[in-house]
Structure formats: C-alpha cells, structure tokens
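For reference, the chains in residue letters:
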Amino acid sequence: MAFVKLLAVLPFLGILVGVPLLNRVEPLVLGMPLILAWIVLWVVLAAVIMLVVYWCDPANRVGGDSRP
Amino acid sequence: MSAALVIIAAAVGGVLCLGLLGRRGKDMDLEQWTVGGRRFGTILVFLLIAGEIYTTFTFLGGSGFAYGHGGPVFYILSYGCLVYIISYWLLPPIWRYAKHHRLITQPDFFAHKYDSPVLGILVALVGIVALIPYLVLQLKGLGIIVDAAAYGAISPTTAIWIGAAVVTVYVMVSGVRGSAWTAAVKDILILAVVLFLGIYLPIHYYGGYGAMFSAIQAAKPDFLALPPKGESAAWFDSTVLLTALGFYTWPHTFGSLFTAKEERVFRRNAAIMPIYQLILLFVFFVGFAAILKVPGLEGPAIDLSLLQLSVKTFDPWFVGVIGAAGVLTALVPGSMILMTAATLLANNIFRYMRRQATDASISMLARLLVPVVAVVSVIVTLSGGATIVALLLMGYSFVTQLFPTLIASLLPRNPVTKEGAFAGICVGVATVAAISLSHTTVATLFPSLPATFQDLNVGIIALLLNIVALGVVSALTRRKTITVQMIPELVRLGRRPASMNSPWDDPAERH
Numbered sequence: 001m002a003f004v005k006l007l008a009v010l011p012f013l014g015i016l017v018g019v020p021l022l023n024r025v026e027p028l029v030l031g032m033p034l035i036l037a038w039i040v041l042w043v044v045l046a047a048v049i050m051l052v053v054y055w056c057d058p059a060n061r062v063g064g065d066s067r068p
Numbered sequence: 001m002s003a004a005l006v007i008i009a010a011a012v013g014g015v016l017c018l019g020l021l022g023r024r025g026k027d028m029d030l031e032q033w034t035v036g037g038r039r040f041g042t043i044l045v046f047l048l049i050a051g052e053i054y055t056t057f058t059f060l061g062g063s064g065f066a067y068g069h070g071g072p073v074f075y076i077l078s079y080g081c082l083v084y085i086i087s088y089w090l091l092p093p094i095w096r097y098a099k100h101h102r103l104i105t106q107p108d109f110f111a112h113k114y115d116s117p118v119l120g121i122l123v124a125l126v127g128i129v130a131l132i133p134y135l136v137l138q139l140k141g142l143g144i145i146v147d148a149a150a151y152g153a154i155s156p157t158t159a160i161w162i163g164a165a166v167v168t169v170y171v172m173v174s175g176v177r178g179s180a181w182t183a184a185v186k187d188i189l190i191l192a193v194v195l196f197l198g199i200y201l202p203i204h205y206y207g208g209y210g211a212m213f214s215a216i217q218a219a220k221p222d223f224l225a226l227p228p229k230g231e232s233a234a235w236f237d238s239t240v241l242l243t244a245l246g247f248y249t250w251p252h253t254f255g256s257l258f259t260a261k262e263e264r265v266f267r268r269n270a271a272i273m274p275i276y277q278l279i280l281l282f283v284f285f286v287g288f289a290a291i292l293k294v295p296g297l298e299g300p301a302i303d304l305s306l307l308q309l310s311v312k313t314f315d316p317w318f319v320g321v322i323g324a325a326g327v328l329t330a331l332v333p334g335s336m337i338l339m340t341a342a343t344l345l346a347n348n349i350f351r352y353m354r355r356q357a358t359d360a361s362i363s364m365l366a367r368l369l370v371p372v373v374a375v376v377s378v379i380v381t382l383s384g385g386a387t388i389v390a391l392l393l394m395g396y397s398f399v400t401q402l403f404p405t406l407i408a409s410l411l412p413r414n415p416v417t418k419e420g421a422f423a424g425i426c427v428g429v430a431t432v433a434a435i436s437l438s439h440t441t442v443a444t445l446f447p448s449l450p451a452t453f454q455d456l457n458v459g460i461i462a463l464l465l466n467i468v469a470l471g472v473v474s475a476l477t478r479r480k481t482i483t484v485q486m487i488p489e490l491v492r493l494g495r496r497p498a499s500m501n502s503p504w505d506d507p508a509e510r511h
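Respectively, the protein sequence lines represent chains A and B. Counting from 1, one number per residue, gives the positions in the first sequence under this note's numbering. Counting from 1, one number per residue, gives the positions in the second sequence under this note's numbering.
Heads up, a few of these hints could be off.
Stated by the list, open to error - Far from chain A, by Cβ distances over 10 Å, these chain B residues were calculated: (1) 82; (2) 92; (3) 161; (4) 162; (5) 358.
To be verified - So the derived list for chain A, only partly shown, Cβ under 10 Å to chain B, looks like this: (6) 20; (7) 25; (8) 59.
Hints in this document: simulated from the structure, not taken from any laboratory. All values reported here derive from a predicted model rather than from experimental measurement. Just so it is clear, CB atoms sit at the ideal spot from N, CA and C, and this is done for glycine as well.
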C-alpha cells in the first residue's frame, strides 16, 4: 500500500515540472495545443491513480475505519 | 422585457421554490442550517463541493481569462487535478475531528485544535476578509449576465442589487439543504450549456478545434502557451501550488465537508472529481473561440467575452438559457459564501463577546446578518474594477495563510504552539494585505533577482514568511505553555487546566 500511495506524487511532478518543460503550442495534439494536451493527460491519470489508491487502501474496505 | 430575461426570471423563481422544498419538514437549528445535520452521502457532498468549484469564476472568469490571457488560464485545470489528490489524505482527519467535537465552522476547528478561542476569532476574520472578494465576484457575474440578457434594459448596478436580494432571500429561507438541491439542478444545466457552447462555437466559427487553435496561433503566436515573462512558468507553478494548498482552507469548503455522513465519501470523491474538472476544457474553448470573433475587450471587460459571443451567435431565448445557467452558477456558491460569512460572524465572533448567548439566538443572529453581509458586498462590487480571476486570486492569497497551521494541527505531535499559529497567520495575512494594497510584485521588491523569481505569485512569498514566523515563535514558546499534545494526558490524569474551559468546549464532554 505504501508503494501505491507513492503514485500520487506523479501528477505533482507531471504538472509542476512537466508543464514548464512542455510549454509549447505546436505540435497540436488531438487538436489541442501541446501544453493543454499534457495537462489533460495528467488530469485523467490523476483520476486513474486515485481510483487505484482507493481500491488498495484498506481503510475503504467494508468494516474498515469508516464508521457511520 | 426580452425573452432572455423571462427565462432567467423563471429559473430564479424555480430555484427559490427548490430552496423552500429543501427545508420542508426540517427543524432548522444551527447544525441543520449550516451542515445539514451531518447526514449527506457521497452524491450530495460531491454536488456541494462541485457546486463551489463551478461558479461564475469558471463560467465567466475562466472563459474571460482564456480570452484575455491565453495559456496562463490552464493553471485552473492544473490546480484542480492536484487538489483532489491532497483531499484524499487531508479531509478524513479533519472530518473525524469535527464530528467527534461537533464543530460547525472552520474557526471552531482551529480554536479547538489549539485550545485558543482568540485563534478562532483570528481565523474567522481571515475567512470573512477572503470571502468578501469571492462573493463580490459572484455578484459581478450576476450583473454581467443580467445586463447582457436584458440587452441594455437593466443597468448592471440594478442587476447587482437584484442578484444580491435573490441570494439573500434564498439563504435566509433554505440554508445548506437548499444549496445541495439547487447545486444538482445547476450542475446539470451548466454541464449541458458549457458542453454545447464549447463544442458548437469552435465548430461553427472555425470548423473544428485544430483549425481554431491553428488560426489563433497564426494571429497571435504563442498566445496559448505561458509567456516568457509575467505569467510565466514560475508564475504558473507558484499559482498552481498556492491555489491547490489553499483550496480546502476556504471557510465555506470546510463547512461543506462537515456535511458528510462518513469519511469514505471524500476518498471516493478524490477519484471522481478530477474527471469532472474536464468540463473546464469546454469553458476554455469558448473563451478561445471568442479571441478572433469578438476582439477588443480589455481589462475587466474580458469577463464579458462568453456572453458577447453568445449574443452575437444565438437568438435571445437561447441567450436566456445560457444566462439562467450563469445566474445559477453565481447563486449556489454565492449562497454558500453568504451563509458561511454570516455564521462566522455570529457563531465565532459574537458568541465570543457574549458567552451566555443561547444557540437559538446565535442561529437567529446568523440569519439576520445575511442581508448585512450582502449589502457590504454589493457596495464593494460597485466600487471595484478588478477582473473575476484577480478577485479570486486575492481571496486565495488570504485563505492559504491558514494552511501551515492546519497541517501542523493534524500531525500526531503538533510542533506548533497557539502563539506560533497566531504569529504565522498574522504575518502571512499582513504581507498579502500590504502587497495587494500597494500593488507590489516580487519584481518591484527585489529588482535584482533573476526573472524566474520575479514572476512568483506574491501569495507564495507571504506563505514563506508565514512559515518562518510560525516556526520561530513556536520554538520560543514551546516549553512555556501547555501544548495541545499534552491535553489528552492531562485529561487522563483528571487534571484539566483552567485555561481549557473555552466556550468551544462540548458540554457533553465535561465531567
């Protein structure tokens, strides 16, 4: 689980380090400027990563630490 | 009266009815009114939090910023992606603590964690100061929409007064339940309108997205990337970080997370919300489509770009549908903000001055303060000339100053003392105020620094000073006072220090 949680660091690197490096309009990717396409990619990846984290986190199992 | 206005008026009427239905059969004490009795599940909490994100700020401000600033608008999409990752770990401990101690507002949380009612008052004041620009921008949006939909028949000033009156009535009758139900209606409407505009306009005017972006690139080279100076990569990173950290320190966001039934709600939302962010893309597309089609808007007028392009493109009745969606995006968050500001004033400032006040009188006072806050905001709105995004960033710079103190309070052994917390917040907020009032940037303060540092968001500088003050004062005061982490031990020993009898204490907990 500790390893899976580390995945959550990746979007921070993708946005804060990746965007300044890929700060260009051309080439257009899927009709969008490169910088925008890169950010959209990370938004989608962030959702996938958080879904994986959610599934792997024992706190979310039935009878975990979540009480009504 | 134009067809557009009729449709907007009908939408507002419908929302008021929904608000009334939301409270039906409920006995509205302060906990019911502000945190919905802490019984909301994933979907209602999702709607409340989403309802706060998709405000006039995104609808008019986002498209306007895309139109007037180009590439830097992508910061909005970027911070949103990081916010939800943070929320997965940040929100459950806050929620657990608030539920255990039956806290209603954000200052309650700080006051309780640091055992300092005075710190609670400070946090309440920071929250109110930050909420005013946020409310002002919603009212500004309302004014712009009604003005455009009336085709000049109603002045923006009148429109702002009408808008403020509607929000006030709405909040006074319905409280948080009304917000959640209206948020559902609003989200569906805004989703449909934004998707339609973001797909239709680029295709109608340019033939497709690629063609649109190529045309903009040819007319304004590199407008859609971050510029080398000003809103550069350094500005982008510091602004994304500042807003991502500050997002959950807004007092009304704190309030809406208290409505959750169980903590898993937040972890589930952490995976859904980033995808929901993608609606923003279509808001940007509308702003980009306007660049070459309604050129010439400058300064605060860039916020008009979406509506000007709509008026140019569609029949009045459809402008009315767009306007109705826009009015709801201002009403729902506006009502949350207004309710939060009034509750903070009544529950956290007034209650401290008159400790014998009953819950019923506080609840009544909170409701009576709603129109007062609304009138103050209208006056500020009518006097200011800032863009929607500039207003929001100012509010963010203020609330983010609460972040270091918040994080420290969640650590197993809090290294920060209440004096440290107080000093850090004061230094941070004073820095933001000084910088905002004198229109200073990092460049004017330190002209010899490299350009990269000069473009940093000033809120980050304030945050760094805040952390330094917090650390130094905590180190100086740590051994002299009873610190928060000692309280559980003292309670176990049955020796409760006299200083702990604060008005925030839960009576049920007292032995």
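Now the hints, each set against the structure:
1. Non-interface status of residue 82 (chain B) relative to chain A is broken: a Cβ of that chain comes within 10 Å, the nearest being about 6 Å off.
2. Not every beta carbon of chain A lies more than 10 Å from that of residue 92 (chain B), the smallest distance being close to 8 Å; the non-interface claim is violated.
3. No beta-carbon of chain A is positioned within 10 Å of the beta-carbon of residue 161 (chain B); the least distance is around 39 Å.
4. Against chain A, the non-interface label of residue 162 (chain B) holds: every CB pair exceeds 10 Å, the least being about 37 Å.
5. With a cut of 10 Å on Cβ distances, residue 358 (chain B) stays outside the contact zone with chain A, its closest approach being about 30 Å.
6. With its C-beta approaching chain B no nearer than about 4 Å, residue 20 (chain A) sits inside the 10 Å limit, and its interface hint holds.
7. Look at residue 25 (chain A): its Cβ gets to within about 5 Å of chain B, closer than 10 Å, so that hint holds up.
8. Of the supplied interface hints, the one on residue 59 (chain A) holds, with its beta-carbon coming within about 7 Å of a beta-carbon of chain B, less than 10 Å.
Checked against the numbered hints given earlier, this structure breaks hints 1, 2; the rest are met.
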